Amino acid sequence: MAEHVAPHHHEEHAHHEEGFVRKYFFSTDHKIIAMQYMFTGMAMGLIGAFFAYAFNMQLAFPGIEVPGYGMVSAARYNALVTNHGTIMIFWVAMPVLLAAFGNYLIPLMLGCDDMVFPKINRLSYQIFLLSALVLIASFFVPGGGFAGAWTAYPPLSAKPEYNLTPLGASFWIVAVGLEFVAFLLGGINFITTAMNSRAPGMKLYDVPMVIWMLVIASILFMCSVGPLLAGAIMLFMDQNVGTAFFDPDRGGDPILWQHLFWFFGHPEVYVVLLPTVGIVAEIITVFARKKLFAYRTVLYTVFGTGVLSFTVWAHHQFIAGIDPRMAHIFTVTTLLISIPIAEMMFIYIATLYGGSITFSVPMLWALAFIGEFLIGGVTGIFLGASGADIYFHDTYFVLAHFHYTFFPITIIGFYAGFTFWFPKMFGKMMDERLGKIHFWGTIIPFNLIFIPLFVLGAAGQHRRIYDYRNFPDLSQPWMWNTRHLIAAAVVTMLAFQVVFFINLFKSLASGRKAPKNPWHANTLEWTAESPPPHGNWAELPRVYRGPYEYSVPGRKQDYWPQNEPA
Amino acid sequence: MSDHAAHHPINYVRIWFILVALLIVSVAGPMLGHPIITLITAFGIACVKAVMVARNFMHINLEQRYISYVIITVLVFVFLFFAGTSPDVMKAEGSGWVKPSWQAAASAANASEGGAAHH
Amino acid sequence: MSASARPIANTRSAAGIPTGKLAVWWVVASEIVIFGGLLAAYVMHRLAHDAWSVQAAHTNTWIGAFNTMVLLTSSLSAVLAHQAAERGDGPKAARLLGATMIGALTFLAVKAFEWTEEISHGFTITSSTFWSFYYTAAGLHASHVIAGAILMAWVAKDAAKNLELHRVELIGIYWHFVDIVWIFLFPLLYIAK
Numbered sequence: 001m002a003e004h005v006a007p008h009h010h011e012e013h014a015h016h017e018e019g020f021v022r023k024y025f026f027s028t029d030h031k032i033i034a035m036q037y038m039f040t041g042m043a044m045g046l047i048g049a050f051f052a053y054a055f056n057m058q059l060a061f062p063g064i065e066v067p068g069y070g071m072v073s074a075a076r077y078n079a080l081v082t083n084h085g086t087i088m089i090f091w092v093a094m095p096v097l098l099a100a101f102g103n104y105l106i107p108l109m110l111g112c113d114d115m116v117f118p119k120i121n122r123l124s125y126q127i128f129l130l131s132a133l134v135l136i137a138s139f140f141v142p143g144g145g146f147a148g149a150w151t152a153y154p155p156l157s158a159k160p161e162y163n164l165t166p167l168g169a170s171f172w173i174v175a176v177g178l179e180f181v182a183f184l185l186g187g188i189n190f191i192t193t194a195m196n197s198r199a200p201g202m203k204l205y206d207v208p209m210v211i212w213m214l215v216i217a218s219i220l221f222m223c224s225v226g227p228l229l230a231g232a233i234m235l236f237m238d239q240n241v242g243t244a245f246f247d248p249d250r251g252g253d254p255i256l257w258q259h260l261f262w263f264f265g266h267p268e269v270y271v272v273l274l275p276t277v278g279i280v281a282e283i284i285t286v287f288a289r290k291k292l293f294a295y296r297t298v299l300y301t302v303f304g305t306g307v308l309s310f311t312v313w314a315h316h317q318f319i320a321g322i323d324p325r326m327a328h329i330f331t332v333t334t335l336l337i338s339i340p341i342a343e344m345m346f347i348y349i350a351t352l353y354g355g356s357i358t359f360s361v362p363m364l365w366a367l368a369f370i371g372e373f374l375i376g377g378v379t380g381i382f383l384g385a386s387g388a389d390i391y392f393h394d395t396y397f398v399l400a401h402f403h404y405t406f407f408p409i410t411i412i413g414f415y416a417g418f419t420f421w422f423p424k425m426f427g428k429m430m431d432e433r434l435g436k437i438h439f440w441g442t443i444i445p446f447n448l449i450f451i452p453l454f455v456l457g458a459a460g461q462h463r464r465i466y467d468y469r470n471f472p473d474l475s476q477p478w479m480w481n482t483r484h485l486i487a488a489a490v491v492t493m494l495a496f497q498v499v500f501f502i503n504l505f506k507s508l509a510s511g512r513k514a515p516k517n518p519w520h521a522n523t524l525e526w527t528a529e530s531p532p533p534h535g536n537w538a539e540l541p542r543v544y545r546g547p548y549e550y551s552v553p554g555r556k557q558d559y560w561p562q563n564e565p566a
Numbered sequence: 001m002s003d004h005a006a007h008h009p010i011n012y013v014r015i016w017f018i019l020v021a022l023l024i025v026s027v028a029g030p031m032l033g034h035p036i037i038t039l040i041t042a043f044g045i046a047c048v049k050a051v052m053v054a055r056n057f058m059h060i061n062l063e064q065r066y067i068s069y070v071i072i073t074v075l076v077f078v079f080l081f082f083a084g085t086s087p088d089v090m091k092a093e094g095s096g097w098v099k100p101s102w103q104a105a106a107s108a109a110n111a112s113e114g115g116a117a118h119h
Numbered sequence: 001m002s003a004s005a006r007p008i009a010n011t012r013s014a015a016g017i018p019t020g021k022l023a024v025w026w027v028v029a030s031e032i033v034i035f036g037g038l039l040a041a042y043v044m045h046r047l048a049h050d051a052w053s054v055q056a057a058h059t060n061t062w063i064g065a066f067n068t069m070v071l072l073t074s075s076l077s078a079v080l081a082h083q084a085a086e087r088g089d090g091p092k093a094a095r096l097l098g099a100t101m102i103g104a105l106t107f108l109a110v111k112a113f114e115w116t117e118e119i120s121h122g123f124t125i126t127s128s129t130f131w132s133f134y135y136t137a138a139g140l141h142a143s144h145v146i147a148g149a150i151l152m153a154w155v156a157k158d159a160a161k162n163l164e165l166h167r168v169e170l171i172g173i174y175w176h177f178v179d180i181v182w183i184f185l186f187p188l189l190y191i192a193k
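Protein chains in written order, with my numbering: chain Z, 1 to 566; chain C, 1 to 119; chain G, 1 to 193.
Think of the hints as simulated: they come from the structure by calculation, not from any bench.
On a predicted model such as this, the values are computed, not experimentally measured, just so you know.
Some clues are possibly wrong.
Coverage of chain C stretches by chain G, computed from C-beta distances (three or more under 8 Å per stretch; other residues unrestricted) [as the list claims (entries may be wrong)]:
hint: 1; stretch: 10 to 20
hint: 2; stretch: 56 to 65
hint: 3; stretch: 80 to 93
25 Å max Cα-Cα, derived DMTMM-like pairs, lysine to aspartate or glutamate [said to hold, decoys possible]:
hint: 4; chain 1: C; residue 1: Lys91; chain 2: Z; residue 2: Asp249
hint: 5; chain 1: C; residue 1: Lys91; chain 2: Z; residue 2: Asp247
hint: 6; chain 1: Z; residue 1: Lys506; chain 2: Z; residue 2: Glu539
hint: 7; chain 1: C; residue 1: Lys91; chain 2: Z; residue 2: Glu539
hint: 8; chain 1: Z; residue 1: Lys516; chain 2: Z; residue 2: Asp323
hint: 9; chain 1: Z; residue 1: Lys428; chain 2: Z; residue 2: Asp323
hint: 10; chain 1: Z; residue 1: Lys23; chain 2: Z; residue 2: Glu539
hint: 11; chain 1: Z; residue 1: Lys119; chain 2: G; residue 2: Glu164
hint: 12; chain 1: Z; residue 1: Lys159; chain 2: C; residue 2: Glu93
hint: 13; chain 1: C; residue 1: Lys91; chain 2: G; residue 2: Glu164
By construction, the Cβ of each residue, glycine as well, lies at the ideal position given by its N, Cα and C atoms.
Let the sequences and hints guide you as you build the complete structure.
Structure follows, in structure tokens:
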């Protein structure tokens with residue numbers, strides 16, 4: 001398809017030059033909205049990371065003022081861990097992986113000019129921003145931010161005499177509720193756009209895997225968040241109106257909350273996992289110059305995983321006193337779900353096998369994801385078996401497991417996608433050397449933080465304890481040494497993130513200008529300008545083949561863009 | 001604009017009459033005094049009315065098939081939630097816990113004679 | 001908002017269904033899980049608490065039935081509005097949507113009267129967990145009635161000028177869903193006591 005030098009106007013959008021505020025704050029362009037989500041998520045990530053620094057220092061050096069924060073009392077500790085978890089999942093993973101990459105990539109990779117409902121898209125960001133502001137406001141109300149754990153189990157979360165943060169608790173619920181509404185609105189856009197607005201010639205199996213993943217993740221979210229939204233309303237009323245939905249003394253049931261929460265909570269982890277898995281697929285095919293192994297198998301596997309993900313939730317509740325017969329059932333389903341995920345990892349390895357691999361920065365992140373997530377996955381098997389979980393539940397073993405899943409998903413996934421699509425988004429190339437320094441400076445400390453936590457957890461270190469000096473069994477010298485090592489690794493890892501920001505600002509300011517297709521990739525976004533104008537292309541592309549035609553025998557070029565006529 | 005020509009023969013007012021008639025039956029059901037009949041008339045009729053509204057007013061049967069599949073799937077999820085949660089929520093005691101007020105209420109209800117026929 | 005500002009993406013239909021309608025059905029699907037979760041929680045409690053029948057006896061079946069009829073009638077006017085829009089008669093569709101909105105207001109007014117009665121008799125949201133569920137479920141439903149009525153007013157305004165007539169069907173689908181939720185709430189809260 002002939003690539004025109006695109007005049008930056010689209011017949012349907014007669015453009016006058018927009019003012020700065022209108023263009024960047026009230027835009028309906030999916031790319032701007034994507035950036036809004038991305039940068040808001042990154043900012044929230046800094047806050048969440050700071051909280052992690054503070055409570056890690058407290059754990060390693062209890063009773064000592066944390067530099068840059070102050071004293072971490074027992075109550076403050078609870079608030080720190082609660083908001084760290086909440087922020088990282090709802091205000092970092094969701095906006096960055098799902099909203100930002102989804103908004104940016106879906107129209108571009110499908111060959112259309114925007115999302116189908118640009119104004120609802122803008123509204124969804126505005127509601128999301130409001131939710132972030134409400135959460136941040138909760139830190140400044142009397143009592144401070146919510147301290148009832150990100151899982152908000154009643155009665156701790158319902159009764160102020162237990163959580164000591166009555167105002168913070170209500171702000172928290174409102175913030176989470178608003179965030180859910182924002183993502184429901186965004187999800188409608190994603191699903192409808194992906195289903196309806198594909199480029200002419202793009203059959204369902206020609207859709208890039210990351211798009212499938214984003215859409216399936218959106219569907220999972222929309223089908224699972226309902227009960228928790230209902231539960232959030234009920235908890236809010238228990239907190240503020242005096243109802244007793246979760247109060248067993250007055251006819252309610254706290255376990256109901258747990259079920260409502262985890263019915264959503266488990267599919268939620270797949271909601272954030274799938275976009276990263278998709279991003280990794282795009283990166284490894286490009287940097288191995290190889291077709292994705294078994295595209296349809298991956299697709300059907302993801303469908304199966306999505307459905308199965310609704311049947312495993314109570315593995316978070318094995319020792320909460322649930323009916324043992326249900327515990328049996330959930331053990332079986334939980335162990336079953338490890339199979340499709342493992343299968344996808346094998347498929348990725350098969351994709352890499354025999355490929356012509358370039359260790360660019362995005363590729364390093366993608367490979368790191370596969371390796372680190374594998375550790376998270378296999379340790380989940382210990383926890384999915386209800387018998388073993390009786391010992392491991394509420395220990396740091398669980399914490400290490402979910403950081404070996406969430407960190408690769410959120411942080412490694414973000415860096416992988418960001419470094420990969422940076423040239424397209426900003427029209428500049430990032431510095432490879434700084435990127436590699438940042439990569440190793442993140443990955444090595446990451447493992448130094450969390451591998452020891454498996455050991456500490458297996459040795460009995462409970463979660464949600466602010467001072468282990470109160471527990472003689474958990475105060476052995478080797479444990480303190482380990483905690484010190486972990487704290488040092490946390491500080492080191494956070495320090496290396498500075499390298500990323502230096503790279504970011506340097507590249508934005510004076511990076512090498514990026515061509516349209518610096519990685520020689522096939523998918524449609526690489527046929528647009530870097531960065532694409534409003535409307536993306538002057539003439540929307542047509543598609544002639546699938547997205548992974550790399551190293552096709554008999555062709556001179558080792559890639560074959562989707563929009564090139566046969 | 002759309003392929004809805006086929007449905008114009010539906011007489012919406014006739015459907016409405018049927019729905020109102022069903023409503024009357026469901027209100028009358030409890031007056032027969034039999035709990036099972038009440039349940040059938042109340043919920044069975046609710047299901048019938050819901051399907052009638054979905055078919056005749058929302059025209060779900062004229063849409064692409066997958067719309068029906070999506071709706072059925074989410075209904076299955078709701079039932080899945082009920083199935084996974086009710087074994088815990090509906091009990092007054094379990095492995096290592098009791099709900100004292102539930103037990104008290106249950107024994108109070110048993111003490112005063114005749115479970116359900118309070119009204 | 002005029003049609004010319006619509007992105008090309010909005011006009012494609014690779015899935016064989018107009019985009020707006022596809023979106024509304026997905027909204028309905030996610031709402032089913034929201035109400036489903038709340039109502040499932042209610043049903044679990046109701047089945048386990050036989051003693052709630054004492055509280056439940058105080059809901060007024062006649063008022064509930066009247067409101068059911070109001071909503072059924074409003075669904076009728078909504079689908080007749082759709083029929084009018086299909087025939088290109090925007091002003092008639094707008095009038096019928098207006099009738100639907102009057103139905104919504106009637107429903108809300110009756111509910112307000114009903115709740116005032118119940119609260120003045122001491123059946124507040126905290127007097128028993130049955131009443132907590134009662135007010136929460138009906139309240140969530142009522143908030144959807146209000147939201148629907150507002151959206152409907154916006155659609156009717158455009159339809160009266162023969163603009164965006166396809167939206168009459170879309171708001172209708174949402175409205176019928178709100179009606180169906182009540183079709184299940186009615187026996188749960190008023191009949192199966």
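We went through each hint and held it up to the structure:
1. 10 to 20: holds (count 6)
2. 56 to 65: Answer holds; 5 residues pass the 8 Å Cβ test.
3. 80 to 93: This one holds; 8 residues, not fewer than the three required, reach chain G with a Cβ under 8 Å.
4. C:Lys91 - Z:Asp249: This hinted pair holds, its Cα atoms lying about 14 Å apart.
5. C:Lys91 - Z:Asp247: This hinted pair holds, its Cα atoms lying about 14 Å apart.
6. Z:Lys506 - Z:Glu539: The hint is violated at about 33 Å.
7. C:Lys91 - Z:Glu539: It is violated: about 63 Å lies between the C-alpha atoms, which goes past 25 Å.
8. Z:Lys516 - Z:Asp323: Between Lys516 (chain Z) and Asp323 (chain Z) the Cα gap is close to 58 Å, so the pair fails against 25 Å, i.e. violated.
9. Z:Lys428 - Z:Asp323: Violated, at roughly 57 Å.
10. Z:Lys23 - Z:Glu539: 23 Å, holds
11. Z:Lys119 - G:Glu164: 16 Å, holds
12. Z:Lys159 - C:Glu93: Holds, at roughly 23 Å.
13. C:Lys91 - G:Glu164: 53 Å, violated
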